[in-house]
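Working from the sequences, and respecting the hints, build out all of it.
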Amino acid sequence: AAWREVVGVARTAALKILTLPTGNEYGSVWNFGLNRYRGLGPACLIAFGDPAEISNRAIAALLSGGADDFIFKDIDAAVLAAKIKAFLRRVVPRQYLCSAPLKSADGLIAVHCAERRVTIRNGGGDRDLSDITQKEFEILALLLSNEGRVVARQTLLEDIWAGKAEEVNPETVDKHVGALRRKLGKYGSRIRTIYGSGYLLSRGTVRG
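Note that our numbering has the sequence shown beginning at 21, numbered continuously upward.
Worth flagging that the hints you see were computed from the coordinates, not collected in a lab.
Please read all numbers here as calculations on a predicted model, not as lab measurements.
Misleading hints may appear alongside valid ones.
If you anchor each label on the Cβ, the simulated ranges turn out as follows [claimed, not checked]:
hint, residue 1, residue 2, range
1, G216, G127, 49 to 57 angstroms
2, S75, A101, 23 to 31 angstroms
3, S75, E135, 48 to 56 angstroms
4, I214, T153, 43 to 51 angstroms
5, P71, V188, 20 to 28 angstroms
20 angstroms max Cα-Cα, derived SDA-like pairs, lysine to any residue [claimed, not checked]:
hint, residue 1, residue 2
6, K206, A134
7, K123, F157
8, K155, D126
9, K203, E135
10, K155, A134
11, K105, T175
12, K155, E187
13, K105, K123
14, K195, G208
15, K203, E186
16, K93, A80
17, K103, I91
The beta-carbon is built from N, C-alpha and C at its ideal position, and this holds for glycine as well.
Structure, rendered in C-alpha cells:
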C-alpha cells in the first residue's frame, strides 16, 4: 500500500524514531509501525498529524495504542527539538550508567559505572579516586565514552545537568573540569580545552 512507503525507520541510530503520518489511514499506518517497532529495540514512536485531519478521540487512541507522543505538524521547531532531546534522555541509557567499566584506549583510566568509581594506573597497580564528586564522575564518563572526540560544553550541560541546563552558568562546567583535572593528577593534562567548543579527552599515553 502507498502509506507503507511513508513510514520511516532509522535502523542504525541508537534511538530509532518512527514517524507515522495520520489521516484517514492512521490506524493501519500505526499498526504497521507498531509491528515494525517491536523488533527494533530501544525506540520512540511519535505520530505526526494535521489537527484538521484527526480528532482528539483518534489522538487518544494512538497514545493508548503505544505512541509516546502525538505532535501537530505546525509545531515550533525549537519545541520539537526539545521534545526529541527529552525522548533521547529517556530512551537511550547514558553511557555512564552502563554495567561494564569504561576504559581509555590505553587502559590507564577507568570509570566503573555500576560502582560509581574511578581508577587510574599508578605504577604497577590501580588507584581509586575516592574524592571524585558525582558531577566530576559524569563528566569524565562522558569524555571517556567519546575519547578522542570533542564534547561540546553545551552537550555536557544538557546531558549532565539535564532540565537545569539553562540555569547553569557555563563557567560551572569549567570549574568542574578544572577540579577533575587536578584529581586525575598526571592524567589531567589529557583533558584538553578546545576553545570556543568544549573539551576532548586525548588518547595519548602519559608516562611517569
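Each hint, compared with the structure:
no.	hint	verdict
1	G216 - G127: 49 to 57 angstroms	violated, 32 angstroms
2	S75 - A101: 23 to 31 angstroms	holds, 27 angstroms
3	S75 - E135: 48 to 56 angstroms	holds, 51 angstroms
4	I214 - T153: 43 to 51 angstroms	violated, 23 angstroms
5	P71 - V188: 20 to 28 angstroms	violated, 36 angstroms
6	K206 - A134	violated, 25 angstroms
7	K123 - F157	holds, 13 angstroms
8	K155 - D126	violated, 24 angstroms
9	K203 - E135	holds, 18 angstroms
10	K155 - A134	holds, 15 angstroms
11	K105 - T175	holds, 11 angstroms
12	K155 - E187	holds, 16 angstroms
13	K105 - K123	violated, 27 angstroms
14	K195 - G208	holds, 14 angstroms
15	K203 - E186	violated, 27 angstroms
16	K93 - A80	holds, 17 angstroms
17	K103 - I91	holds, 10 angstroms
In this structure, the hints that do not hold are numbers 1, 4, 5, 6, 8, 13, 15, in rising order.
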